[in-house]
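Protein chains: 4
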Amino acid sequence: MSHNSFGHLFRVTSWGESHGPSIGGVVDGCPPGLPLTEADIQPFLDRRRPGQSRFTTQRQEADAVRILSGTYEGLTTGTPISLLIENTDQRSRDYGAIADRYRPGHADVTYELKYGLRDPRGGGRSSARETAIRVAAGAVARLVLGAAVQVRGALVQIGPHAIDLARWDWGEVTRNPFFCPDPGTVPVWEEYLDRVRKNGSSAGAIIALQADGVPPGLGAPLYGKLDADLAGALMGINAVKGVEIGAGFAAASLSGEENADPMSMQDGHLVFGSNQAGGVLGGISTGQPITARFAVKPTSSILTPVASVTRSGEAASVATKGRHDPCVGIRAVPVGEAMLACVLADHLLRHRGQTGR
Amino acid sequence: MSHNSFGHLFRVTSWGESHGPSIGGVVDGCPPGLPLTEADIQPFLDRRRPGQSRFTTQRQEADAVRILSGTYEGLTTGTPISLLIENTDQRSRDYGAIADRYRPGHADVTYELKYGLRDPRGGGRSSARETAIRVAAGAVARLVLGAAVQVRGALVQIGPHAIDLARWDWGEVTRNPFFCPDPGTVPVWEEYLDRVRKNGSSAGAIIALQADGVPPGLGAPLYGKLDADLAGALMGINAVKGVEIGAGFAAASLSGEENADPMSMQDGHLVFGSNQAGGVLGGISTGQPITARFAVKPTSSILTPVASVTRSGEAASVATKGRHDPCVGIRAVPVGEAMLACVLADHLLRHRGQTGR
Amino acid sequence: MSHNSFGHLFRVTSWGESHGPSIGGVVDGCPPGLPLTEADIQPFLDRRRPGQSRFTTQRQEADAVRILSGTYEGLTTGTPISLLIENTDQRSRDYGAIADRYRPGHADVTYELKYGLRDPRGGGRSSARETAIRVAAGAVARLVLGAAVQVRGALVQIGPHAIDLARWDWGEVTRNPFFCPDPGTVPVWEEYLDRVRKNGSSAGAIIALQADGVPPGLGAPLYGKLDADLAGALMGINAVKGVEIGAGFAAASLSGEENADPMSMQDGHLVFGSNQAGGVLGGISTGQPITARFAVKPTSSILTPVASVTRSGEAASVATKGRHDPCVGIRAVPVGEAMLACVLADHLLRHRGQTGR
Amino acid sequence: MSHNSFGHLFRVTSWGESHGPSIGGVVDGCPPGLPLTEADIQPFLDRRRPGQSRFTTQRQEADAVRILSGTYEGLTTGTPISLLIENTDQRSRDYGAIADRYRPGHADVTYELKYGLRDPRGGGRSSARETAIRVAAGAVARLVLGAAVQVRGALVQIGPHAIDLARWDWGEVTRNPFFCPDPGTVPVWEEYLDRVRKNGSSAGAIIALQADGVPPGLGAPLYGKLDADLAGALMGINAVKGVEIGAGFAAASLSGEENADPMSMQDGHLVFGSNQAGGVLGGISTGQPITARFAVKPTSSILTPVASVTRSGEAASVATKGRHDPCVGIRAVPVGEAMLACVLADHLLRHRGQTGR
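So the protein sequences, as listed, match chains A, B, C and D. For the first sequence, numbering that gives the first Met the number 0 assigns the number 0 to the initial residue and increments by one for each residue that follows. For the second sequence, numbering that gives the first Met the number 0 assigns the number 0 to the initial residue and increments by one for each residue that follows. For the third sequence, numbering that gives the first Met the number 0 assigns the number 0 to the initial residue and increments by one for each residue that follows. For the fourth sequence, numbering that gives the first Met the number 0 assigns the number 0 to the initial residue and increments by one for each residue that follows.
Treat each hint with caution, since some may be false.
To be verified - Label-pair restraints from in silico Cβ distances:
1) Ala98(A) <-> Arg310(D): 54 to 64 Å
2) Asn198(D) <-> Asp211(C): 30 to 40 Å
3) Asp163(A) <-> Thr87(D): 33 to 43 Å
4) Ala147(C) <-> Arg310(D): 17 to 27 Å
5) Gln51(D) <-> Thr303(C): 48 to 58 Å
To be verified - Stretches of chain A that chain B covers, calculated by requiring three or more beta carbons in the stretch to come under 8 Å of a beta carbon on chain B:
6) 57-64
7) 193-204
Claimed, not checked - Anything over 10 Å on all C-beta distances counts as not near chain D; from chain B, calculated:
8) Leu8
9) Gln57
10) Glu72
11) Leu74
12) Gln149
13) Arg166
14) Tyr191
15) His268
16) Gly272
17) Ala306
18) Gly312
19) Ala314
20) Ser316
21) Ala318
22) Lys320
23) Arg349
Don't read these hints as lab results, they were simulated from the structure. Ideal Cβ placement from N, Cα and C applies to all residues, glycine included.
Isolated chain A, as found in the complex:
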């Protein structure tokens, strides 16, 4: 058991605070012999990096990852892979004002209720900065899954503005600063978020994930279900408040007939006529795409003052002036992909361990 590790055979341990010298993680259990250098990880970190458009925080972090162990001559050795990212843009002064008061919607108050003290600089351990390590681990997980498995994500809603699913184009995702698969929605979000930013407010979002090429049989009854592990992994991302697999909450309104994914054989392969299940039945992958969605609350750091209290129990009003994402949901896309990749890699190894397949 560990509070800061996840996975079992493919296991990630992370450490570090927003304003310490560095953050890092250890990926243990990676199969040996996989080609791995920093160049395999950096592109994923770059996708998550802040400051790439006016819609994310202007904090500048190089987020350059170093591999400190676990590889030799460019191949994984099967021993733990230590990943380290320097913190290069820590302006502790930004946070001095909030050291003695709790920011609403943040973990300031709960860390202190739990531990009796906290590192107030940039949210300390609860900072979204930690998600860089998840993304780095996810890049390693992708290597474990191999080229036949493709893990992708996209933003499908910002604030009240959802995309038009009929216009979905995966190719579009890399062509706008929102990871938006619907070109028609991009200008709507631009205008909306500019207004939100101007008002010192923030917006929530919904992210969709999909993994294609996942072999059937991953997952396990009953407390190692693939979808349950995925739900835990996604809900554990900062600011996430909801998770769906396949049809999700909409399944509640479907009839049994609408919900049943019919099966047939085509060219000797099992195929399904629909995918309400999201690629998972009884906690085990079917071979269809794994589909999931998760909801991110609006950034808690806003300019509008909100009632709060100080550490000594006096009334206070908190308005957060630092450099913040108006919509943290945008940068949650690569984080969600990474968590999905890690869960799949872990279950791939677990399945192979038990069944030999």
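Let chain A serve as the given structure and place chains B, C and D on it in line with the hints.
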């Protein structure tokens, strides 16, 4: 690691198939000295038991639990508590017809894809029958939490019919066969489900959970978050496709101002002006009620034939004639409560272990 | 984490007290498709069963195991295997006298110091009776290892009387009541133990274990070492006070030259000129036989009165009159074999999971 | 589960190879509010550091530890503590000759059998260099245990030369380069090891550990026994081949009367007349000193050529010329202490979690 265990310090391992001689579980890590007999568990099993109204399966199971270890003279000893429930109503003939074909929406096909074989009798390990053990474990978890913590659940939607939240009355929940907190909705559901049943169809549902009196500080960064563990636990219940904490998916549409729960001090205690967070910030409990919701898909066993395949790969049509719940979401209410209680009990012990509080 | 489980991919959870209705265990993670019935387990339980000679306790237990889950039509399904053994010879009156005082050398006092209460009947959870479940789990582990792996044990010392290693004959082990591989030592032990028994005293013992046919590569750096896991597993058997791998404590007196096992190739296979390492280098199996030894202290239940205290803190003298093994080390042989088999099975699956071999 | 982590509530994950840029570890689960800076750790690392006498390797490593996370203003925050030590004296050329052949007694061959490749520089992951992280983690564990618990170790045998237990003086341990508690033995060992070193040979050793002030109640039945966890932890140290608790292997030769530790009350406290048990009964601490011993094999790196094979399967002869400890057992003393401290800290938190004491 284990595929059939959950929790860490308060840890539950379950075993058994729908049509084996019995099902059971082991609760390990329970604190010593708690008064515990079968009478503390049975009422919760009775709430989940089938056959109590025309809206649940007519299968008759006594679901009488026996404690085989871990107590002495009516007190827990700190050693593992073995729980056993005999299977008394196994009509294997009901299932003979489906041994060689895969029921759509069921785990038949994935168990076989994973393991190469399966126990087809009543769904084997994937049967919802296993949830009885979760409920039994949840009853023990409630003792660990103590009387100050109250864990409750209610059904808030069947098919497309949601309750009116303004009419919420916890007292009503025990007065109708749906665990419905809104008396005005009960006749709507009765009529709707009678029609569904008559048509041989099925309906989905949404369940709401609430835990009051939870002390602040439970949960842990970053991969032991209270809400993440809860999401995994709820998504792991049979047929669940979505989980929300607090405002859930609706949070995506809120502004930062709407989403921020303001804090103040009242009589020396920290209070919040709202609870969009669902009682959890940064993965750690705030002291507010823990609130969660989860969606259950419509029962996959329906009379309407759905296209499927046989084990040997031939086209087949499956209509399930056995005794099934038209809406498995109803009996998921006590199961959801149990999972919430288990997650809280585990985190209570984990928090005490690390911090001594 | 769990206090009553061991192993990771091949994981055993045990429960039960000496004088409860039954004891049992759950074997989780077993590969699917292995032929398994009670008949595969019972012979190993019979080897451990008391009352088979005048040198073990005269308590009579059928130790008949039942499989309650995890198999279908004689094959493992990959789901948890529940094992149950009824307690049929609980004479609680035997233990009434010691309910209020602590037996020296027993866990009576420590259970009460830890938990504040204990089940005094027959030692409760700390009874050696629990080792029956280890033996049953070990029988399943042997199936996982397959016929190419042979796990054997023998008694090599009782009290001060060690066997002559030069006379080792594995065939002899099944021909005497001591699991003794040296026929010349059998009469020595008979005479010695008869005298010990007559005096109401007890004797310690040393057991040697060997596993042949273990594939190379099992185990893992650095905290999943095969020999470290084995040492933990053997030290966890009741009354064990020492564990050795390969040359063990004698290695301390060897020179580097004496200790180095030379390597060469024979017929394309790697062979070693000696096995001081006990088949493990760097925590990973070499392909040589795994060899280990463990020491069992003399049975703590003796007729000679020993100074002790009562639960209320008064001086007391304890002489144990019940039916006890004069040398618990004898019946520890099948238990040690079982633990070795379980550790190997777990590492076989773990190795396969990570490396795919 | 993880191959490179140990402990449960107090959990240590280590990473790094002998000749990578650095080695490190993560201590997770540490209670909050403990004063901790590098100065609390460094003295223990200095005790283990090589090159401090002619009896250890002349490799020069500063072994300066840095804390990268988990503390704020000199106090632990309850979040993961990242520890990093730079590798400053990596002479890879020393090891070039052995990259293509397996050193007898080393893990070269098993790493390659397991993973299909290995990092040959200095033994890679299997290097004793990793034990620095254990020592650093042990220093943190000591803070968790508090000043009332004292964890100490001493060397009691080198090669065939054991100390005279009657002359034991803990104060002497810090006054000689061997951690020897018997001043009379120091010159014997000096002369012996000088001869061993001159011959290019090596020697084994036995280390004794003792923890005073350990509260009763730590440990758990049946697979979380304090002595079993300790045995696993000690056997997991590089080159260890045997572990004993209390009387250890000598217990096999004792009579029941000799082995029983009598109990009595003195000034309201439970006391034992002897400590054959080594402070543990039924896997749970009694309140007496925890005593353990472990045996270290002679250093495998010796000048005398030993038969071996190359990676391509040809016969080879290996003599290791690098800078090596003639007796690795010496520097194993602080490592053993650290492992004992870590096991105790973990069980302290586990006990508190379950029982609230």
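These are the hints, each one checked on the structure:
For Ala98(A) and Arg310(D), the Cβ-Cβ distance of about 58 Å falls inside the hinted range of 54 to 64 Å, so the restraint holds. For Asn198(D) paired with Asp211(C), a C-beta distance near 36 Å keeps the hint of 30 to 40 Å intact. A C-beta distance of roughly 59 Å is found between Asp163(A) and Thr87(D), which places it outside the suggested range of 33 to 43 Å. For Ala147(C) and Arg310(D), the hinted distance range of 17 to 27 Å is satisfied, since their beta carbons lie about 26 Å from each other.
In this structure the supplied range 48 to 58 Å holds for Gln51(D) paired with Thr303(C), their Cβ-Cβ distance being about 51 Å. Counting residues of the region 57-64 of chain A whose C-beta lies closer than 8 Å to any C-beta of chain B gives 0; at least three are required, and the coverage claim is violated. A stretch counts as covered by a chain when three or more of its residues have a beta carbon under 8 Å from one of that chain; for the region 193-204 of chain A and chain B the count is 6, and the coverage holds. Interface exclusion of Leu8(B) from chain D breaks down, the closest Cβ pair being 5 Å apart, not more than 10 Å.
The beta carbon of Gln57(B) sits about 42 Å from the closest Cβ of chain D, which is more than 10 Å, so the claim that it is off the interface holds. Every beta carbon of chain D lies more than 10 Å from that of Glu72(B), the smallest distance being close to 18 Å; the non-interface claim holds. Distance check on Leu74(B): its Cβ is at least 13 Å (rounded) from any Cβ of chain D, clearing the 10 Å threshold; non-interface status holds. Distance to chain D confirms Gln149(B) as a non-interface residue, since its nearest Cβ pair spans about 21 Å, more than 10 Å.
Residue-level check passed: Arg166(B) sits 41 Å from the nearest beta carbon of chain D, beyond 10 Å. No Cβ of chain D approaches the Cβ of Tyr191(B) within 10 Å, the least distance being about 47 Å, so the stated non-interface status holds. Interface exclusion of His268(B) from chain D stands, the closest Cβ pair being 22 Å apart, more than 10 Å. Against the 10 Å criterion, Gly272(B) stays outside the reach of chain D, whose nearest CB is about 28 Å from its own CB.
Chain D leaves Ala306(B) outside its interface by the beta-carbon criterion, the shortest separation being 41 Å against a cut-off of 10 Å. The beta carbon of Gly312(B) sits about 37 Å from the closest Cβ of chain D, which is more than 10 Å, so the claim that it is off the interface holds. No beta-carbon of chain D is positioned within 10 Å of the beta-carbon of Ala314(B); the least distance is around 42 Å. Distance check on Ser316(B): its Cβ is at least 43 Å (rounded) from any Cβ of chain D, clearing the 10 Å threshold; non-interface status holds.
The Cβ of Ala318(B) sits about 43 Å from the closest Cβ of chain D, beyond the 10 Å cut-off, so the non-interface label holds. For Lys320(B), the condition that its CB be more than 10 Å from all CB atoms of chain D holds, with the nearest at approximately 43 Å. At roughly 6 Å, the least C-beta separation between Arg349(B) and chain D is not larger than 10 Å, which violates its mark as non-interface.
When each numbered hint is compared with the structure, violations occur for hints 3, 6, 8 and 23.
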